[in-house]
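Asker: From first to last, the protein sequence lines stand for chains Z and P. When the letters of the first sequence are read in order and numbered with numbering that gives the first Met the number 0, they come out as residues 0 to 212. When the letters of the second sequence are read in order and numbered with numbering that gives the first Met the number 0, they come out as residues 0 to 191.
Hints are not guaranteed to be accurate.
Reference listing, derived: stretches of chain P covered by chain Z, where coverage requires no fewer than 3 residues with Cβ under 8 Å from a Cβ of chain Z [claimed, not checked]: (1) 45 to 53; (2) 85 to 92; (3) 123 to 133; (4) 147 to 161.
Calculated from the structure, these hints are not laboratory results. Even glycine gets a Cβ: it sits at the ideal position worked out from N, Cα and C.
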Amino acid sequence: MRVLVVYCHPKEGSFNSAVRDIVMGRLHRAGVDVRLRDLYAEGFTPVLTRDEWVGYEEAPANRVPVADHVADLKWCDTLIFVYPTWWYGLPAMLKGWLDRVLLPDVAFHMPQAEGEVITPGLHAIERLGVFTTCGASWWLTCLIGAPGKRTLMRGLGLLIKPRAKKVFAAHYLMDTAPRASLEKHLEKVAAQTDKLIGVKPVRSGKLSEATVE
Amino acid sequence: MKALVIYAHPVPESLNAASHGVVVETLRARGWDVDDCDLYAEGFDPVLSTEERRNYHNTEINTAPVQGYVDRLRAADAVIFCHPIWNFGLPAILKGWHDRVMLPGVSFKLADGQLSPCLDNVKKIATVCTYGATRWRAWLVGDPPRKLITRVVWGTVRPEKIRYIAQYDMNNITQAGCDAFLARVKTEMEAF
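Take the sequences, apply the hints, and build the full model.
Answerer: See the structure below:
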């Protein structure tokens with residue numbers, strides 16, 4: 000199993016970094032191959048440029064500006080995102096990763112004839128995990144329609160293997176979250192990570208890696 | 000009446016650029032004072048930094064890194080977003096405008112865990128956008144960008160009027176389709 004973890008948060012020590020550490024801990028414990036991309040730490044540029052847009056459909060040259068990210072995406076069979084939800088959506092940094100890396104002939108194929116739609120290009124990805132935090136409540140997020148979750152779980156979900164295994168876990172009301180709730184969430188993240196990669200569920204209270212700021 | 004047009008497309012010869020041109024021209028012809036904010040041309044940095052995250056809720060200093068953009072938003076009676084839809088979402092440069100400019104104390108107030116609107120100057124909001132996806136495919140995914148504008152931004156700003164003008168299925172569009180879309184944008188902006 001080859002797992003690509005895409006992590007996006009500006010502040011080390013945030014709850015999201017604790018979620019990332021739990022995910023990484025479970026993956027290492029399971030002995031799977033892991034690559035971590037920390038978009039803020041590496042200073043990823045999220046803005047798709049004019050040249051990239053003009054050459055958007057010209058594969059394989061279109062992947063040159065983000066060749067290493069494309070290589071990681073093509074390498075993995077399991078994709079995990081860890082990020083905060085801002086304005087009910089992905090941080091610009093992560094949205095830009097989708098804009099620039101999910102290219103024609105990488106993530107999908109352009110329509111071949113009039114009236115057709117794009118076809119998926121990431122069938123090698125069999126598992127998708129999404130872990131996020133929301134300032135809003137669960138019910139308000141549902142009322143809005145959870146745009147961030149849907150961009151990944153459904154939008155990206157259309158491009159990966161049909162009926163791929165998917166897990167999602169979000170902690171809501173982050174601004175007023177009690178510590179116990181955050182710790183419980185980290186246990187949920189661990190259990191969902193285990194479920195995603197198909198190992199036995201973790202026992203509650205046994206998370207040596209779990210830390211909450 | 001002042002209209003802030005927030006435009007986010009990297010290529011001037013695109014249909015999106017053409018629709019942006021129609022928006023600006025039509026509004027000016029109708030007597031609006033248009034502030035044309037081209038995020039790509041202005042080199043807007045969409046990445047919310049560590050420092051900004053740290054000070055996010057401190058309404059005394061959180062606007063400082065984007066003060067110019069906050070002032071332009073506060074001066075507007077109407078806001079019109081012109082942009083493509085990429086991967087069922089806003090282009091990163093525009094998502095970052097929301098992340099960095101729609102701050103606590105600018106677009107909403109947070110008191111005792113309750114949000115309340117505070118961008119009272121903005122009475123009208125419109126989006127003019129172009130999708131690669133077909134309408135049904137976007138619907139299947141849940142059409143996240145439509146929800147961002149018609150639910151999140153609407154709920155935060157509470158304008159008197161909101162319009163969502165979208166061209167779907169750009170991958171299969173004909174010249175006649177482009178013309179029809181531009182005509183529709185013109186009609187919408189005349190009535191705005």
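Asker: Could you tell me which of the hints above the structure violates, numbers in ascending order?
Answerer: Checked against the structure, no hint fails, so every one of them is satisfied.
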